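2 protein chains.
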Amino acid sequence: MIGVDWGTTSLRAWRLDQDGAVRDRRATAQGIMAITDRQFEPVLRDIVGDWLADGERRVLLCGMIGSRQGWHEVAYLPCPAGIDEIAARLTPVAFAGAAVRIVPGLATIDENGVADVMRGEETQILGAAACDGTARVICLPGTHSKWAVVSAGRIERFSTYMTGEMFAALAEHTILARTIVAGPIDPVAFTAGVARATEAGGLLHHAFGVRTQVLRQGMTEAAAYAYLSGLMIGHELNAALDGVATPVAVVGASTLAALYVTAIASRGGVAIAVDEAASAAGLARLGERASWT
Amino acid sequence: MIGVDWGTTSLRAWRLDQDGAVRDRRATAQGIMAITDRQFEPVLRDIVGDWLADGERRVLLCGMIGSRQGWHEVAYLPCPAGIDEIAARLTPVAFAGAAVRIVPGLATIDENGVADVMRGEETQILGAAACDGTARVICLPGTHSKWAVVSAGRIERFSTYMTGEMFAALAEHTILARTIVAGPIDPVAFTAGVARATEAGGLLHHAFGVRTQVLRQGMTEAAAYAYLSGLMIGHELNAALDGVATPVAVVGASTLAALYVTAIASRGGVAIAVDEAASAAGLARLGERASWT
Numbered sequence: 002m003i004g005v006d007w008g009t010t011s012l013r014a015w016r017l018d019q020d021g022a023v024r025d026r027r028a029t030a031q032g033i034m035a036i037t038d039r040q041f042e043p044v045l046r047d048i049v050g051d052w053l054a055d056g057e058r059r060v061l062l063c064g065m066i067g068s069r070q071g072w073h074e075v076a077y078l079p080c081p082a083g084i085d086e087i088a089a090r091l092t093p094v095a096f097a098g099a100a101v102r103i104v105p106g107l108a109t110i111d112e113n114g115v116a117d118v119m120r121g122e123e124t125q126i127l128g129a130a131a132c133d134g135t136a137r138v139i140c141l142p143g144t145h146s147k148w149a150v151v152s153a154g155r156i157e158r159f160s161t162y163m164t165g166e167m168f169a170a171l172a173e174h175t176i177l178a179r180t181i182v183a184g185p186i187d188p189v190a191f192t193a194g195v196a197r198a199t200e201a202g203g204l205l206h207h208a209f210g211v212r213t214q215v216l217r218q219g220m221t222e223a224a225a226y227a228y229l230s231g232l233m234i235g236h237e238l239n240a241a242l243d244g245v246a247t248p249v250a251v252v253g254a255s256t257l258a259a260l261y262v263t264a265i266a267s268r269g270g271v272a273i274a275v276d277e278a279a280s281a282a283g284l285a286r287l288g289e290r291a292s293w294t
Numbered sequence: 002m003i004g005v006d007w008g009t010t011s012l013r014a015w016r017l018d019q020d021g022a023v024r025d026r027r028a029t030a031q032g033i034m035a036i037t038d039r040q041f042e043p044v045l046r047d048i049v050g051d052w053l054a055d056g057e058r059r060v061l062l063c064g065m066i067g068s069r070q071g072w073h074e075v076a077y078l079p080c081p082a083g084i085d086e087i088a089a090r091l092t093p094v095a096f097a098g099a100a101v102r103i104v105p106g107l108a109t110i111d112e113n114g115v116a117d118v119m120r121g122e123e124t125q126i127l128g129a130a131a132c133d134g135t136a137r138v139i140c141l142p143g144t145h146s147k148w149a150v151v152s153a154g155r156i157e158r159f160s161t162y163m164t165g166e167m168f169a170a171l172a173e174h175t176i177l178a179r180t181i182v183a184g185p186i187d188p189v190a191f192t193a194g195v196a197r198a199t200e201a202g203g204l205l206h207h208a209f210g211v212r213t214q215v216l217r218q219g220m221t222e223a224a225a226y227a228y229l230s231g232l233m234i235g236h237e238l239n240a241a242l243d244g245v246a247t248p249v250a251v252v253g254a255s256t257l258a259a260l261y262v263t264a265i266a267s268r269g270g271v272a273i274a275v276d277e278a279a280s281a282a283g284l285a286r287l288g289e290r291a292s293w294t
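Quick mapping for you: the protein sequence lines, in order, are chains A and B.
If you want my numbering, it's the position in the first sequence, counting the first as 1, plus 1.
If you want my numbering, it's the position in the second sequence, counting the first as 1, plus 1.
Warning: the hint list may mix true and false statements.
Said to hold, decoys possible - Some, not all, of what chain B presents toward chain A, calculated at C-beta under 10 Å:
1. G203
2. T213
3. Q214
4. D243
5. A246
Everything labelled a hint here was simulated from the structure, so no lab data went into it.
All of these numbers come straight from a predicted model, not from anything done at the bench.
We put the CB at the ideal spot given by N, CA and C, even for glycine.
If we strip away everything but chain A, and leave its shape as in the complex, we get:
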């Protein structure tokens, strides 16, 4: 089969063996925001046409392709939800010559009645849970970091943190932009930022301290970038690690996942980085259970 993680700004496609192994892979910047006039069908055919010509007949899509801005809006499935419930709710879209299905996103409600949603991450979580049976808490860091609790193979609940997006907004659209230079992460400054997040004052105060430390206390502008990154991740961990005793599986690009593993360890937690190809594994697992006829 073919698995596709079709997100807002990127598209990743895998050709998968019957046992879920990746035979071939492709990535493009043709996220749904880059598709004009709803030309999802021809774009998909363009990207995986040779695999179809070679005999593939099943295509499973996850991510924002199932949103209102995507190919076909697929209703969120409420948590808790396991692989069988999700596989039972795959939604077909018309495509000549192959069966194409979209994975539903998940919705949850926290103890205070506020909703949260994901699209695409549910598939990564299913893949990561397959990779590592011991981890019950799964972290997917990024623009909108997701933390999910998995129990007996079902996604029980999850929370989203705007960590990556707020980091970018602060670094680019506030006074901090004048005293920060982006670049490779300085590990000492990063860890100092993670630690600062545990001190009194809160994020709104700690963020201003990035500027004063550069102007008054000799922090370099390159270190300020790493420190702010640590500060944001540290504040995410303040909430996300609350009450978490089990190991955390961190699923993401290797550099970012490594930062999270370091930050979690600095808080006394145990974290393991899981291969980012969790999407492919999740798509393979769902594909096995899908009704393709």
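Go by the hints and put chain B onto chain A.
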């Protein structure tokens, strides 16, 4: 004398009687960022020239005009600092026909060794402390909210919160921009945001909840604007009210000050709004103590 609060984006000038009463006032958008080629002297003469022609010979400036980007960089004075210490450090700049002085900003270091700074707010605090002798905690809400503890007439310490600027960055430069419409503050949604800030999850999670509540739970885009405002102010209060038992004097534009008074009251605190003209009162008090020769 003439008092001027010359900030980054605005300039406010007052003609003051000997007893500190405001005889006349003026406001322009000629903040220091709007001044080209360092033409501070002619701009000032343009704005208060008629008052000078009418006999004024003393001009006291506070705010970012004393920064590196201003007319003349004036070193920060360390806290604790009272009115006499600040008055002793007024810095003259050359100006034909009048004595012009700049008020120094203040610097402080928190218990964890991180610096904080203010320029202009020290003058407002001195003015507000004169207006209301009972309040020991003074809040100046805004782009960068300042909270100061005043004891025996001296500014003991203070903290800055990037509340207003982070609110704007979130509302304009993140995904929240798509589900928020700016407008008058809906008081019910505002108070709900203030309350939400006390719940588990932290600011990074609560901010994402603004979007999900609009998309999934029927919150209007106008209410989302007020809710996000309440959320940000609520997170500021989480830190700023920690350990504060005395009444808080809130100094600022009436609409914003009223929101803070409401938010502080909803947390069981006591707050009073103080006239925003605290700058003029502070400049008058400093002017009385200055050496003008």
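Going through the hints against the structure:
{"no.": "1", "hint": "G203", "verdict": "4 Å, holds"}
{"no.": "2", "hint": "T213", "verdict": "4 Å, holds"}
{"no.": "3", "hint": "Q214", "verdict": "6 Å, holds"}
{"no.": "4", "hint": "D243", "verdict": "7 Å, holds"}
{"no.": "5", "hint": "A246", "verdict": "17 Å, violated"}
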